[in-house]
Amino acid sequence: MPMTTPSSPRLGFRPRSLLAVVLAAAFGLVATSWPLLAAPGGALTETTSGPWLFALLLPVVTAVALIQLADGGMDARAVAMLGVLSAIIAAVRPFGAGSAGVETVFFLIILAGRVFGPGFGFVLGNTGLFASALLTGGVGPWMPYQMFAAAFIGLGAGALPGSNAAAPATRSGRAVEIAMLVVYAVLASLAFGLLLNLSFWPFAITQGNLAYVPGGGIGENLSRLVAYSAATSLGWDLGRAITTGLLIVLTGPVLLRVMRRTARRAQWH
Amino acid sequence: MNASIGVGPRRRGTHPVAWWGWALLLATAASRTANPWLLLLIVAVSGLVVTWCRGDEPWSGAYRVFLLIGATAIAVRMMFYIVFGGAEGTTVLFELPSIRLPEWAAGFRLGGAVSAEGALAAVWDGLRLATLLVCVGAANALASPRRLLRSVPAALYEVSVAVVVALSVAPQLVSGVARIRRARALRGNMSRNPVNVMRTVVVPVLHDALDRSLALAAAMASRGHGRAAGVPTATRRATSASLLIGLLGLCAGAYALLGTATPAPAAWSLLTLGAAAAVFGIVFASRRVPHTRYRTDVFGPRDWAVLLSGAAAVAGTVLSGMAEPGTIWPATSPLAAPPLPLYAACGVLIAAAPAVVAPTRTRTGTG
Numbered sequence: 001m002p003m004t005t006p007s008s009p010r011l012g013f014r015p016r017s018l019l020a021v022v023l024a025a026a027f028g029l030v031a032t033s034w035p036l037l038a039a040p041g042g043a044l045t046e047t048t049s050g051p052w053l054f055a056l057l058l059p060v061v062t063a064v065a066l067i068q069l070a071d072g073g074m075d076a077r078a079v080a081m082l083g084v085l086s087a088i089i090a091a092v093r094p095f096g097a098g099s100a101g102v103e104t105v106f107f108l109i110i111l112a113g114r115v116f117g118p119g120f121g122f123v124l125g126n127t128g129l130f131a132s133a134l135l136t137g138g139v140g141p142w143m144p145y146q147m148f149a150a151a152f153i154g155l156g157a158g159a160l161p162g163s164n165a166a167a168p169a170t171r172s173g174r175a176v177e178i179a180m181l182v183v184y185a186v187l188a189s190l191a192f193g194l195l196l197n198l199s200f201w202p203f204a205i206t207q208g209n210l211a212y213v214p215g216g217g218i219g220e221n222l223s224r225l226v227a228y229s230a231a232t233s234l235g236w237d238l239g240r241a242i243t244t245g246l247l248i249v250l251t252g253p254v255l256l257r258v259m260r261r262t263a264r265r266a267q268w269h
Numbered sequence: 270m271n272a273s274i275g276v277g278p279r280r281r282g283t284h285p286v287a288w289w290g291w292a293l294l295l296a297t298a299a300s301r302t303a304n305p306w307l308l309l310l311i312v313a314v315s316g317l318v319v320t321w322c323r324g325d326e327p328w329s330g331a332y333r334v335f336l337l338i339g340a341t342a343i344a345v346r347m348m349f350y351i352v353f354g355g356a357e358g359t360t361v362l363f364e365l366p367s368i369r370l371p372e373w374a375a376g377f378r379l380g381g382a383v384s385a386e387g388a389l390a391a392v393w394d395g396l397r398l399a400t401l402l403v404c405v406g407a408a409n410a411l412a413s414p415r416r417l418l419r420s421v422p423a424a425l426y427e428v429s430v431a432v433v434v435a436l437s438v439a440p441q442l443v444s445g446v447a448r449i450r451r452a453r454a455l456r457g458n459m460s461r462n463p464v465n466v467m468r469t470v471v472v473p474v475l476h477d478a479l480d481r482s483l484a485l486a487a488a489m490a491s492r493g494h495g496r497a498a499g500v501p502t503a504t505r506r507a508t509s510a511s512l513l514i515g516l517l518g519l520c521a522g523a524y525a526l527l528g529t530a531t532p533a534p535a536a537w538s539l540l541t542l543g544a545a546a547a548v549f550g551i552v553f554a555s556r557r558v559p560h561t562r563y564r565t566d567v568f569g570p571r572d573w574a575v576l577l578s579g580a581a582a583v584a585g586t587v588l589s590g591m592a593e594p595g596t597i598w599p600a601t602s603p604l605a606a607p608p609l610p611l612y613a614a615c616g617v618l619i620a621a622a623p624a625v626v627a628p629t630r631t632r633t634g635t636g
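First to last, the sequence lines map onto chains P and U. Sequential numbering from 1 applies to the first sequence in my numbering. Sequential numbering from 270 applies to the second sequence in my numbering.
Next comes chain P alone, as it looks inside the complex:
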């Protein structure tokens, strides 16, 4: 089959991959934020099995999006590069596990997504967190959500404006690129914290002022969610945003250069 091979380990992003990713994002939005979106009297507020169903269906949705992305567009270079970068993610992840709010994974996914493009970032978010969960025996009900969120963080980093493969020519251009990545990292970390909170909020607490009220509607539940987030995870979310931004400022210039060099060297066709 005459298929144009990409000139570096970048994944082709064809219309149907794009469609699959958009649909997966729509599903993920419902799977995480159903406590806010469910209308009183709707089918989801009448039963308790809905959220479990979402946690089981999320891997299926992720698999479909991955199959569409990988189908014919993934060569040996992409596979090898994904493997090595996932190993690095798995190796640095334990550094952030012990201390509250220190997140050592996102900056790598964001920088790699920036250099190798949105499709690569999406797959890397999945394989990196999956490999680290397998290595540490940390496979749990939270893993589908984390993989899904990390995948979209990598995808978004690749889709930011500006060229992926070539570094900006001027010193100020490179500074602007790092600044853009830092702003993106802070926003993505905060959104990640809120969505992850939403996904397990109804399980974590079931009684009292901070609990989710089935069928309460968005007005009732939003104020409870804000109070719950402030009481439990605000420190973690801010810590995650700060450490990710700081790590990008400190390591970004070097890591971008190293990865872009590899991307150039991989053009052997």
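Honestly, the hints are just simulated from the structure, not real lab data. Backbone N, C-alpha and C define an ideal beta-carbon position, used for all residues, glycine too. Please note: incorrect hints may appear among the correct ones.
Claimed, not checked - Partial pick of chain P residues on the chain U-facing surface, computed with a CB cut under 10 Å: (1) Trp52; (2) Ala65; (3) Asn197.
To be verified - Going by beta-carbon spacing under 7 Å, a handful of chain P positions derived as facing chain U: (4) Leu23; (5) Ala25; (6) Ala26; (7) Val84; (8) Gly140; (9) Met143; (10) Ala191.
On the provided structure of chain P, position chain U as indicated by the hints.
Coordinates of chain U only, in the frame set by chain P:
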């Protein structure tokens, strides 16, 4: 001692999918009850099976970590109850100074009376979450992740190869760091300055790892890996269409579940149809990938027995839910020791069967 059980040409312990199925079924049983006796029984059964059936691989210690996480879940739930309140009761244990937050800060009450009934309800509830986590921990300790990767659908072949590469590269990375630090020390550079460490340790390790990945890619490409397999365009289109239709169905079903416009049965069936189409697409896409497997991992009768024993626990709780609903969801006020639901307890005890059916082979046995 059980040397005769493990002997078979391709027998290598229980299939990891069977362990995950067993653990998730046990977790389903735990999610259907709030009876503390039953929950503790589930924890005991999972602990028994883990001690009898786990190997001595690096991940086998995961169970203890998940026990700790479960204990933390109970403590956090208890703290939430004491600070933010919950179920009210008449037996007041002690009274905390209470503050009512102003309206603009959601108007919640902090502190106040702590009653025995409310505390008990919080503990039972935390115990349920802890039991779910412990079941997942049992699966982590029992199932081999490398064998689990072999069960990934063939359509995700490239992605699973990337994960396999990651699992084998991670130890090399650690040895790479040690090698480069030794070389640095031999050059007399013992600086702990972060900028210096970044330049002389982190960058060489990264270059080394990425260059190695290029060498690996060249080796894989020269052996024909990653070439587009000769799949007819029509088949490719059909697979793709089935996958996308499945996704669309899942999305439509999920949104229909949120609103009130669509009747619930229609929304559920839309979701089910979407899931079926997506799974069909994945299976179909796996069929057309012409990759052969070395030593396929068979799902044998013993794996089915493990899975069925887990199903017995769910069946027991369902039966108890119909026959004796008061025991499955015991009331905490008035204070009373909750009774033990009979059918559910029998079902959970059956779920301990893997300890007898699939124990670890002794190292002096078949090996």
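Evaluation of the provided hints:
no.	hint	verdict
1	Trp52	holds, 7 Å
2	Ala65	holds, 8 Å
3	Asn197	violated, 14 Å
4	Leu23	holds, 4 Å
5	Ala25	violated, 10 Å
6	Ala26	holds, 5 Å
7	Val84	holds, 4 Å
8	Gly140	holds, 5 Å
9	Met143	violated, 10 Å
10	Ala191	violated, 20 Å
Violation of the numbered hints given earlier is confined to hints 3, 5, 9, 10; the remaining hints are satisfied by the structure.
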